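Once you have looked at the hints, place chain B on chain A.
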Amino acid sequence: MNAVDLLFYFFATLAVGGGVLMVFSRHPVSAALFMIISLVSVAALFVLLEAFFLAILQVLVYAGAVMVLFLFIIMLLDVGPEGGKVSRLKLITGFAGCVSVGILIILLLQLFGTGIGDNSSWPSIEMSPYVNGESLLFSTSIKNFGYGLFTKYMLPLQVAGFLLLGAMVGVIVLSKKSLPTEER
Amino acid sequence: METITPQHFLILSFLLFTVGFLGVLIRRNLLLVLMSLELMLNGVNVALVSFSRTSLNLDGSLFVFFIMTVAATEVAVGLALLVALYKRRRSVFSEDTALLKN
Numbered sequence: 001m002n003a004v005d006l007l008f009y010f011f012a013t014l015a016v017g018g019g020v021l022m023v024f025s026r027h028p029v030s031a032a033l034f035m036i037i038s039l040v041s042v043a044a045l046f047v048l049l050e051a052f053f054l055a056i057l058q059v060l061v062y063a064g065a066v067m068v069l070f071l072f073i074i075m076l077l078d079v080g081p082e083g084g085k086v087s088r089l090k091l092i093t094g095f096a097g098c099v100s101v102g103i104l105i106i107l108l109l110q111l112f113g114t115g116i117g118d119n120s121s122w123p124s125i126e127m128s129p130y131v132n133g134e135s136l137l138f139s140t141s142i143k144n145f146g147y148g149l150f151t152k153y154m155l156p157l158q159v160a161g162f163l164l165l166g167a168m169v170g171v172i173v174l175s176k177k178s179l180p181t182e183e184r
Numbered sequence: 185m186e187t188i189t190p191q192h193f194l195i196l197s198f199l200l201f202t203v204g205f206l207g208v209l210i211r212r213n214l215l216l217v218l219m220s221l222e223l224m225l226n227g228v229n230v231a232l233v234s235f236s237r238t239s240l241n242l243d244g245s246l247f248v249f250f251i252m253t254v255a256a257t258e259v260a261v262g263l264a265l266l267v268a269l270y271k272r273r274r275s276v277f278s279e280d281t282a283l284l285k286n
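These protein sequences, in sequence, are chains A and B.
Residue numbering for the first sequence follows my numbering, beginning at 1 and increasing consecutively.
Residue numbering for the second sequence follows my numbering, beginning at 185 and increasing consecutively.
If you're looking for bench data, these hints aren't it; they were derived computationally from the structure.
In this text the structure is predicted, and so the values were computed from the model without any measurement.
Fair warning: there could be bad hints in the mix.
What the hints assert, rightly or not - For the chain A half of the interface with chain B, some residues (derived, Cβ under 10 Å), not all of them:
#1 69
#2 70
#3 136
C-beta: ideal position from N, C-alpha, C; glycine also.
Isolated chain A (complex conformation) (with noise of 0.2 Å):
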C-alpha cells in the first residue's frame, strides 16, 4: 500500500464521513461545517485523479463561495437545532422513497456486476495537443480547459452566463422589499 493509497483512503473516509455527519447533525451550522470538510475531501480526490483547475475550482465556488452563503444565511434567520415535532411520512413520500432507494441498490449491484472501471488502469497523460481527431484531451494544463470551452462548448458557455445572469436578477427580485403601495 504505498502513499497515492492511503492518501485517497484519507479524504475518502472523510468526505463519506462528513456527509453523514452533515445528514445527522442537529445544529445547521455544525451540518455546514462538516459540508465544508466533506467538498474539500472531494477536492483534495480531484487532485489525485490530477484535475487540478477543478480542485482549485471545488474549493474556491464550494467550500468558498457557496458554504459562505449558506452559513451567512443560517445565521441571518437565526435556525436553531431541531424541535421533537415529529415528521408525518406520507404514503406517496414513502413510495417514491422505497422506489428511488430501489433503484440506488439497482445501480450498486450493477457497478459491482459488470465490474465497471475494474480493470482498467490510469493511462499517462501526454502534454503536446489539444484534440485527438474529433474529442478534446485530458490535460493538466489549465489551457486545454479554455480550448475545450472556447470552442467545442461555445454554446454551453454563453448558456451559463446567461443563467448566472439570470439568477441574479431573480435573486434581485426575490429579495427586494414589496413596495408599501402593495401592503395597504
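Frame of chain A, contents of chain B only:
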C-alpha cells in the same frame, strides 16, 4: 498489491450520492435539504472526473465545470426563495410549506 482502481472512485461517488439522497429524503430543514443536494452533485462530479481521467477525454471535466455553475446558481436562487418563505411563514421546515392546503 493493492492499488486504487477507477472502481474505487465509482464506489466513493455512489456512497456520496446515497448519503446526499438519504439527506434529501429524511431531513425536514430545507437548508439541510439544499446542502444534501450539493452532496449528490458532488458525487456525480467525482464519477465524471474519474471517467474523464480514465478515457483521457476532457468532455467530462468540462461537464463538471458546468455542473458547478448550475449548482452555485441553484443555491443562490434556492436560498433567496428560502428567505422569502421565512419572511412569510417564520419557518424553514418542509412541513410548514404546504401553502395550497390551508
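Hints, verified against the model:
no.: 1; hint: 69; result: 6 Å, holds
no.: 2; hint: 70; result: 7 Å, holds
no.: 3; hint: 136; result: 4 Å, holds
The structure agrees with every numbered hint stated previously.
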